[in-house]
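Student: Starting from the structure of chain A, add chain B where the hints point.
2 protein chains.
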Amino acid sequence: MNFRINKLRFYEALTIAARAISSNSPVPALSGIKVEVSQDSIILTGSDATLSIQVTLNNANDESLGLQVIEPGSVVIDSRYLLDIVKKIDSSDIHIEIIDGTLTHFMGQKAEFRINGYRPSEYPSIEFSEPAVRFSLSPDMLNSMMAAVSFSISNKDTRPVLTGVNMQARNGSLICTGTDSFRLSRKIFQIDCPEFSVTVPARTVNEAKSIFQDQEKMSVSLSEKKIQFRSPKIIMQSTLLEGSYPDTERLIPSAFNDTLVINRSLLQAAMDRSSFIKTDNMTIIRLQISSAEDITISSKSQEIGEYNEDLSAVSYEGIPIDISFSGSYLLDAVKSLSTENVVIHFTENMKPFIITNEGDDQSVLQLILPIRTYN
Amino acid sequence: MNFRINKLRFYEALTIAARAISSNSPVPALSGIKVEVSQDSIILTGSDATLSIQVTLNNANDESLGLQVIEPGSVVIDSRYLLDIVKKIDSSDIHIEIIDGTLTHFMGQKAEFRINGYRPSEYPSIEFSEPAVRFSLSPDMLNSMMAAVSFSISNKDTRPVLTGVNMQARNGSLICTGTDSFRLSRKIFQIDCPEFSVTVPARTVNEAKSIFQDQEKMSVSLSEKKIQFRSPKIIMQSTLLEGSYPDTERLIPSAFNDTLVINRSLLQAAMDRSSFIKTDNMTIIRLQISSAEDITISSKSQEIGEYNEDLSAVSYEGIPIDISFSGSYLLDAVKSLSTENVVIHFTENMKPFIITNEGDDQSVLQLILPIRTYN
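Order-wise, the sequence lines are chains A and B. If you're matching positions, the first sequence starts at 24 in the working numbering and goes up one per residue. If you're matching positions, the second sequence starts at 24 in the working numbering and goes up one per residue.
Please note: incorrect hints may appear among the correct ones.
Any copy will do: because identical chains look the same in the list, a pair fits if it lies in one copy or spans two.
[Unchecked claim] Taking lysine-lysine pairs in the DSS-like style, the calculated list, with each CA pair at most 25 Å apart, reads:
| no. | residue 1 | residue 2 |
| --- | --- | --- |
| 1 | LYS374 | LYS301 |
| 2 | LYS110 | LYS179 |
| 3 | LYS133 | LYS301 |
| 4 | LYS30 | LYS110 |
| 5 | LYS30 | LYS323 |
| 6 | LYS374 | LYS110 |
| 7 | LYS248 | LYS301 |
| 8 | LYS111 | LYS249 |
| 9 | LYS30 | LYS111 |
| 10 | LYS323 | LYS301 |
| 11 | LYS110 | LYS323 |
| 12 | LYS301 | LYS110 |
| 13 | LYS240 | LYS256 |
| 14 | LYS30 | LYS301 |
| 15 | LYS111 | LYS374 |
| 16 | LYS358 | LYS133 |
| 17 | LYS323 | LYS111 |
| 18 | LYS358 | LYS240 |
| 19 | LYS301 | LYS111 |
| 20 | LYS30 | LYS256 |
It should be emphasised that the hints constitute simulated quantities derived from the structure, not laboratory data.
Pulled out of the complex, with its shape left as it was, chain A reads as follows (with noise of 0.2 Å):
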């Protein structure tokens, strides 16, 4: 293997391939990037074996890559040690080469590295074949899925299906849901696609959105193992959760008995103020309405004190009701909320309310579990 290559651009590369690879790999060979060189391109591989991303060079389709191939070959170099060399090398071109086995010269114009590299046989081999069911999805969409859902996601270990997001495609929607089994968020998008049903880690799908988020065009398509997201010169691949999602369809109610309109950032700003009154590490917020013009939230914690505020709302339906939940929970879902009310729906104290959207109740929807206190 024995190469030039434009830095800035070899660099750009390298920062996208090592965005898979994580920082305690039970395999050493995946601390790297594996570089393979044939007679026109370079592939560039990152995984941490759960996701992996390969980033494909080549001349034909970028004239500032500056790529000239001396001899093709592939080596695995650690992929803290190859980003810091090629940023910091001294010229705008890189050189390297392998000069012995696995070592490897990295030459700049008077500044050189030789680094000892891995053997590709040592890398885990990663197929990354095209999937056969094909959908639609914009990095925006996956931007505005998980400004909705990626909070209540789960980050425990204890049920691993619930640390991803669960896509289910049928009649022409995409259903996009997180629940840690306290709240639930759901993201709807009209799209058309088959039916499937499957729960993508939330890593995954934070790095297509920041990775794909400058690329042209994104396709996504899956199989019963894995999801894909590809553009031209990017493809990125992450296996999925295994094990059955909660039916949680089921989970939300679909009739109400009260209904409160409230202004948004109203109550956004009262969960907010009241949120250093914790009890157990957890702010419980005890909320009671009576009529429109008669709520009273309120807040307390043996050590700290205690928080207590008037609100007016825009409407109330309903019989009086006192319900008591987790403030931070509620903050979430208002913040992940736009329009200017927005809508609670409650069927009794115990049971889990909703809130979307004013005049919109389908695309974003929250639900919060009450928690029962004894005051």
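Tutor: Quick look at chain B alone, frame taken from chain A:
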């Protein structure tokens, strides 16, 4: 205690007092800010027992304060709660009243808090009297002092006196020194003041430079035990570090055999480039000089690989030299200098070498001890 005050002005003052507070104080009341209200002023005190800050607010010199005292008194409130409440209260003025013992009532427009405080008697008594020895030092001088010496200050508790900046005044000079015993930084100011030698905790100097940056005037005074910084509204003081500071003058060579003049950015880039070649978490740089045109910098790590770079200097006067040292020490030293070229003076391969700005070997001096290697 019962008063109203402009929320923003009160918040600004609280953030200054809170800077002295440590999150893990052994005395519970020191997690709080002491609020002392008299007829026409408020005194706020924050402390971690070493560093103490007092902010005085009064209507006489601040119209926008809007202080209305209904009843004098005092209380200590946890700084985190106090800052959060004042920052987020739903009105431009906040009304604060003790309602029962230390239970304190905070009122905005509709939001209110009742918070448990501490009795002022639980708060350590802190003496803010002004020490006798005054000298003049500006926030800009503190800035340039820390830029020159902060990185050399030890962060290990084994020799506490090395965790501070030594300030020594004699013959119209203020000599400021930081050392961790492997390297040393010195910055000299020409100021008129009585002779003294004290060692000030690094945190104290850093806080002083941030806090007084925005204040019109600052005066500094000293006793055997403490240093105090004053502006019309703020008093900040700190105990001094005990123990005798090493006689650093003795460590700095006064005669040199070999002198290198070299471009600063060139040297900085080389140290930066090689910084990932580490052995036992340290980058050991070997510098070999034969002449101004024949200089080699190299670094080697069994595990990672090696680095090599040929450099040319502006000039070299001396015999050939072959010296090894920590690359990150030289990087810190070079970054603290400002001239286009820097001057390095060597005596012998195993003796300390010093780096200074070109044309000014007095105001900033950086000294580095070589490392013995077996090449």
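Student: So, for every hint listed, does it hold in this structure?
Tutor: Cross-check of the supplied hints:
1. LYS374 <-> LYS301: within (23 Å within a copy, 58 Å between copies)
2. LYS110 <-> LYS179: neither (36 Å within a copy, 33 Å between copies)
3. LYS133 <-> LYS301: Cα proximity of LYS133 and LYS301: across copies only (21 Å, versus 59 Å in one copy).
4. LYS30 <-> LYS110: within (7 Å within a copy, 48 Å between copies)
5. LYS30 <-> LYS323: between (58 Å within a copy, 24 Å between copies)
6. LYS374 <-> LYS110: neither (56 Å within a copy, 34 Å between copies)
7. LYS248 <-> LYS301: neither (42 Å within a copy, 40 Å between copies)
8. LYS111 <-> LYS249: Result: close neither inside a copy nor across copies, 36 Å intra and 46 Å inter.
9. LYS30 <-> LYS111: within (9 Å within a copy, 49 Å between copies)
10. LYS323 <-> LYS301: within (8 Å within a copy, 53 Å between copies)
11. LYS110 <-> LYS323: between (53 Å within a copy, 20 Å between copies)
12. LYS301 <-> LYS110: between (46 Å within a copy, 18 Å between copies)
13. LYS240 <-> LYS256: This pair counts as within: shortest intra-copy Cα distance 10 Å, inter-copy 59 Å.
14. LYS30 <-> LYS301: Between copies only: 23 Å across, 51 Å inside.
15. LYS111 <-> LYS374: neither (58 Å within a copy, 31 Å between copies)
16. LYS358 <-> LYS133: Result: close only across copies, 22 Å inter versus 53 Å intra.
17. LYS323 <-> LYS111: between (55 Å within a copy, 18 Å between copies)
18. LYS358 <-> LYS240: For LYS358 and LYS240, the Cα distance exceeds 25 Å both inside one copy (30 Å) and across copies (43 Å).
19. LYS301 <-> LYS111: The answer is between: 16 Å across copies meets 25 Å, while 48 Å in one copy does not.
20. LYS30 <-> LYS256: within (18 Å within a copy, 54 Å between copies)
Consistency note: the structure conflicts with the earlier hints numbered 2, 6, 7, 8, 15, 18.
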